[in-house]
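1 is the number of the first residue of the sequence shown in our numbering; add one for each residue after it.
No wet-lab data here; the hints were simulated from the structure.
For glycine and all other residues, C-beta sits at the position ideal for the given N, C-alpha and C.
Just to be clear, a hint being listed does not mean it is correct.
[Said to hold, decoys possible] Computed beta-carbon distance windows for the label pairs:
(1) E70 <-> S41: 23 to 31 Å
(2) Y31 <-> E67: 43 to 51 Å
(3) A42 <-> A63: 29 to 37 Å
(4) W69 <-> A27: 28 to 36 Å
(5) A20 <-> M64: 43 to 51 Å
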Amino acid sequence: MSHHDVKNYGGADDAAAAFAWNAPKKAVNPYVDPAEVAPVSALSNLIALYASDNELEQLRREAMSDEVWERYFFNEARDPVQREMEQDIAREKI
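Generate the whole structure from the sequences, applying the supplied hints.
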């Protein structure tokens, strides 16, 4: 490789063109909604599905937690105030 070849290859210009952040940028219009401009990508669809699935899972867990609470912790047999009121009513009926 001669000195002339080294001068023609490499250097700051070739290095600058090799990286994406050195490419010219498209102007951004702040008055345009980015959702209208950007095409829907597979990644955005996947993120939306993941968020929806997480929301449904959270709702399912909350419903199950409420059901467990109602079944085991907050029923008439385990609520002392409710049990006392029912005993008082039963005594009054006798």
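Here is how each hint holds up against the structure:
no. : hint                    : in the structure
1   : E70 <-> S41: 23 to 31 Å : violated (43 Å)
2   : Y31 <-> E67: 43 to 51 Å : holds (50 Å)
3   : A42 <-> A63: 29 to 37 Å : holds (31 Å)
4   : W69 <-> A27: 28 to 36 Å : violated (56 Å)
5   : A20 <-> M64: 43 to 51 Å : holds (47 Å)
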